[in-house]
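Protein sequence lines, in the order shown, are assigned to chains A and B. Going by the working numbering, the first sequence opens with residue 1, and the numbers climb by one from there. Going by the working numbering, the second sequence opens with residue 485, and the numbers climb by one from there.
Simulated from the structure, these hints should not be mistaken for lab results.
With a straight-line Cα cutoff of 35 Å, these simulated DSBU-like cross-link-like pairs (lysine-lysine) come out:
1) A:Lys359 / B:Lys790
2) A:Lys433 / A:Lys91
3) A:Lys91 / A:Lys53
4) A:Lys53 / A:Lys433
5) A:Lys359 / B:Lys935
6) B:Lys790 / B:Lys935
Model, not experiment: these values are computed from the prediction.
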Amino acid sequence: MKKKALRRSHRAELSLGRRGFLKGLGASTLALPFLFGIQDRSAHAQGMVANPKRLVIVQHGQGTLLEQWTPTNSGAGYDLSPLLLPLSAHKDRMLVVSGVSNRARRSQRNGNGHVPAGRSILTATPFAGSFYPDGTLRPESEHPSSDNSYGPSIDQVLAERLNAPGQRLSVNLSVQRSDHENRLYWRGAPGQTELVSNEDDPTRAFDDIFGGVMFPEDNPAPPTRAERFRARSGKVLDRVRSSYDSMRSQLPVEDRATLERHAAHLETLQQNLATQIDVEGACARPMINTPDGYVSREEQWAEISMDNHIELIAMSLACDVSRVATLQFGSKHGPRFPFLQNYTMPIDGYTNWHDMVHKQADEPSAQALFRGFEWYSTKVSQLVDRLASIPEGDGTLLDNTLVVWISEFGNGGRHNTDNIPIVCFGDLSGVVKTGEHIAFTDRTTNEFFTTLLRAYGGQDTTFGLEVGHNGEVYMNSPLDEILV
Amino acid sequence: MKERSVVRAGLVLAVSVALAGCTGEIQTLMLDAPEDSVQRADMSGSVPDGVEGMDAGVVISPDGGVTVRPDAGGESETPPSGPVTMPIRHITPLQYEHMIADLFGDRIAPELFDDADKNAAASGYSTEPSANVVTGRGVRQLFDSAEVVALESVDIMTELLPCSANPVDEACFDELLERYVARAFRRPLVAAERSLMSEVYDEARADGFSEHEALAVVLQTMLQMPQFLYVTEVGVPRASDPNVLDLTDHEIAQRLALFFLDSLPDDELRRAADAGELHTPEQIEAQARRLLRDYPDASILERLLKEWLHLDDVLSKDRDAFPEFDQELERSIREETGRVFAQAITSGDTLDDLLNIRRVPMNQALADFYGVQSFAPGRDGWAMTDLPADHQGLLARPYFLGSHASSAESSHVQRGYTVLKQFLCSPTGSIPPDAMSRVPVYPQNSTSRQKSDVLRQEVACGACHEMIDHIGLSFEHYDAVGSWRDRAPASQGGQALDVSGRIATVGTVADTDIAGETFTGVDGLTALLSGSDSVQACIPRQWFRYAIGRVEADEADERVILELTEDFARTDGSLQELLISITQVEAFRTRALSQ
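Let the hints inform the model, and build the full structure from the sequences given.
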């Protein structure tokens, strides 16, 4: 009991937010570019465009009810579908994209229906283990040797391009923990990607992103012991990393890569802990609000997590911690939406959302399904509202941001990756069309993501796996129809 | 019991079956099984190009199938097996927890380290190196945990290190290194490590940290270093073959500690290693037997049991469907099976004894659960008690039955699959990518058997479900918590149950010695498994996977399994002797480099 209390106090102390005060204490002995207290990012930030471009990707699991999601007409005068109605306030700044399929999922055998869809939804590539070492695709009959994603995900590719040196590559949050099937974010070169982890606990996320930052309202009292230890963490990590370097050379060759990977994670951690934040403009302390008894992994708190995550993402972007943020509804089976009114499982015999999704034609659970999916719409609407409330330049933060809301399935009940529901918000300073429903026929996520890269100024002509099994072509041409 | 003289012939089949199957490890049997139940990432090992065994008659075909030539060696014994590959591996979350507890007792608890983002273990055994590749989340958790341990140690430093009550001198610092750092690193420190640690200390002092705080920083650093977090085995390269490393005494102590305790070497292992008395098979055997004596309910028994039989950490059941299934009963159910297994090992029971267990430790909650009228609790509330006829045998343990069920319904698929894979080493293929769109529509109130009859007609589903379902349906008398029921549940129409079963003659199971056999109920299945040489050959294979933390991948692995299987047969299937045998093969004290 005592330990628990003590533990919480350490974390609470660290979360006070006084990194500025402690600046310098953690100066590193290694000459790394982004170490704690050394580098002040405002220097290079000044040399950059005033309003950097950002990307937010929101994903929820289990696809949708396509009949009630897909608008029946297209173009500028389209009518919002029942599931998109909660977004009506944003109609003129959103773009509905239908008819786009994730084909790369077809090139990976195995998995339980969810794994291949999750791995490929943002990467448009199959498993790393679906390829031979020379990069050619294994025949369909062969089992993949690894179920990591082969390629990096679109958010990480854009993070590499959009972020300035020293910035955190991305802020990745999830409502409840993302399970094995729901691993969406992958960083690194094709064939060598590493999973990017999500944080589900907003207090931890705050600690990770803003811990130690001095906000104007903070009391400049002497640092606590926990803060002094945290402030020296750069030095501890220097020592730890040096031990990985020296041990590596003493090991048999086949063991060395393992320690190299670990050391790379340590380097990223050290950089993240050292990221400097300039508290200016719209940048302010994100207010974390969690009631007593809150546990981020439990579904009853999903809405609370969501509200906090929205705040964390808004302030991460406003404080220019990173230019890419992702938000995932991590629990695939889980959501039971206990916070919705009159929504108590079992509903029509179903004890969980996932079973309900599978049987989505059955009444009356279809009604309950609708309400679940509708909840996602309302929360996305809330995120968009928040981004649009932050002034930036002559407009708002949303004007320089593209929010992409997506799911890994179209028809979730069939675990089908055709007709993925996609909605974009914000026009990226006039680059992306808004106020329309663009109905494609049989186009691919490869093509859609290529266009995203182009929307951010890239000259890209392809993304992901271009040709799958049996010569099926996934990449024809970008979907430039969505650009202004 | 069957004559064991036929074991050799049975082996030929079992070996060829099991390896051929291992490249097709199923990922998740139930399309949407709870993620912690059957999820196994498909990470099949690389398959060697055709390699021919030179002297043992082991042949590996290009597709990875291994056969042992029946004529090889004639009547003589198979030559002893050799080294196998054992790459560097990160300690598991459980090992981390145990090691911190060994170091600091209950004075300090670490933060959670579960690294939930890492890959699942293809072998099903959590020590698998590829399933312990740390992710960014894991590195962050380890950082947080080390920080918390350090912060909490400051105020109790004089308890942890009594000499620090006085000004910390060199002798006291050395004591810290011996008591904590060298133990954590599982071997004596080298000079560079000693000087690194004193630099860490001095640097913290120079930054204004108190002596106790600076000592805590040493602990904080230590807990993130590879010497602690990784199982490294450098060994001594053999003069005759530099690709074989003979492990040092301390590395052998580390293997024994990890195998039996999932933790740091205990004092006696450290003493033996320091004294250079831990490298001959006899020395290793003596220590292994001592460990089984000293730690009769050590974690090995529990983790081996759970990972071999795919048992859940906690059984979570639908409260409405099973109002009587409370925490007390849930804990008792798990404890019963844990005690059964531990006793079977410590008392020298055979596999057949375990499969046919009739008397188990029971408490009042279990007696009520089983409907035992004349229960007389012992002093701690537990007493060895005869099981009622409908609950006898390992396969009728509620822990096993409840782990292979959903929260409200029994699962003949999970049960059949577990028996196939873990007792018969006969894995099925993987689920077709479009499986969900092929799930048939079942008539209202279908029983499990009726659903299976329909599903097996589906071309893409039938091949595997033919193997799985005929075994699993024999379990239908047991509901989701493992309670006996006479009739099908009301949701399935409530009629009398048909629990006839059959071992299929298709797929990998067709090559077992019980293919085509029919039986009735779990009793019948148990009798069939008890007499099967294929089962007798599968258990050493499973436990070997536990020992090396991976699925066997090459001829060297197969040779070890062969040796273990022969030893197992020689001891009539003694579970304790199987554990000892594992420590006696050359692979336990060596490491092969994969070049």
